[in-house]
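Novice: Below, each chain spelled out in residue letters.
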Amino acid sequence: MTNGIFGLHGKKVLITGASSGLGKAIAIECAKQGAEVILVGRDIDRLNATLSLCEGSNNWTIQQDLTDLNGLSQFVQNLPMLDGAVFCAGIIKRNPIKFINPSTLQNIFDINVFSIVELTRLLVKLKKINNDASLVMISSVGSDHASLGNISYMASKGAINSFIRGLAFELAKNQVRVNAVLPGMIKTNLTKGISDEDLKFEIERYPLGRFGQPEEVAYACIYLLSDASKWVTGTKLVIDGGLTLR
Amino acid sequence: MKEQFIEKFKEVVEVESVELTLETNFRELEEWDSLAGLSIIAMIDEEYDVVLEGSEFKNQNTIGDLINAIQSKIDGKA
Ligand SMILES: NC(=O)c1ccc[n+]([C@@H]2O[C@H](COP(=O)([O-])OP(=O)(O)OC[C@H]3O[C@@H](n4cnc5c(N)ncnc54)[C@H](OP(=O)(O)O)[C@@H]3O)[C@@H](O)[C@H]2O)c1
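In order, the protein sequence lines correspond to chains X and L.
Okay, so the first sequence: first residue is 9 according to our numbering, each after it adds one.
Okay, so the second sequence: first residue is 8 according to our numbering, each after it adds one.
Don't read these hints as lab results, they were simulated from the structure.
No false leads were slipped in.
Pair ranges (Cβ atoms, derived): (1) L:63 x X:11: 46 to 52 Å; (2) L:41 x X:17: 46 to 52 Å; (3) L:38 x X:81: 48 to 54 Å.
Chain L is faced by these chain X residues, among others (derived, beta-carbon under 7 Å): (4) 102; (5) 103; (6) 104; (7) 107; (8) 156; (9) 157; (10) 201; (11) 202; (12) 203.
Virtual Cβ for every residue (Gly too), placed ideally from N, Cα, C.
Extracted from the complex, chain X is given alone in its bound form (with noise of 0.2 Å):
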């Protein structure tokens, strides 16, 4: 294969929530294009199912609930060193303000914010991030864009917008850069609860007039985890089929 300005080759790339969905995605496109992925999620059968799927042969899988804070810094020390992430673990939970609480409130944000800051910590202070590697964060169009009941996510996403903007301003001097991907609806694991009434009003939102599919933020991963985005930090790349035009 030839290993053009889009190419990952020779690169290493760490993939959460790579059991399912867009991780999953993410995973099997990046390997496409030459990386050795290395899977991360709790259920081992599913990461075991998308390694399978993953071209190359220097690719593995670790078995790891990123909201065990206390267990990742073994996780971490474990890692080779890294060309590039892609945070892609998350979560979705529907409530209307009169029932988020600090501890629904705190299952959200210890998967969709805390795991992140401090798996990032960890692989700073380890230093097992390359320089000129690349650092993606997949948020959400929900961080801005309002549907019923997703305040908690909406505001998780939220803190991941801003808290790439930081990061990418201390990493730079490692010419480190952190970029996120805002996806708009794509059906997955995380979208199963929504009934398909919801879909249908939903998809009428949708300019292009279709939901997304995974491999569709893959490519945008692929972006800005490759060559071809050198300049681009701190950036929020929206992926959502126009919705948020209007």
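Here the structure of chain X is known, so what remains is to put chain L with the ligand in place on it, guided by the hints.
Specialist: Using the frame of chain X, we list chain L with the ligand on its own:
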């Protein structure tokens, strides 16, 4: 559980127009809207530790349906 659930339902959806019974079709209530739907799902999660998916919820129309769904999930866990 029946009376307690009806009380909670009234409180969450802010039903004032009618008395609620097991047979009440909640989707026809004047106060019913999508926020009410999300609130009922969240209330059931908070009070009974039962998660109703949107796809399950859409098949339920009466207060009795909801109570049966909660009960069968609680029994399933036991
Ligand atoms: N689908 C959409 O429409 C959409 C739109 C915008 C943004 N997003 C974002 O995209 C990301 C992926 O979503 P998805 O749609 O692919 O959802 P998904 O199919 O439910 O996948 C979620 C992934 O996160 C992992 N995960 C969750 N909690 C974890 C934990 N404590 N430790 C380790 N891994 C954990 C899961 O791993 P296990 O199953 O192995 O535990 C799974 O691989 C999320 O951040 C989500 O907010 C999705």
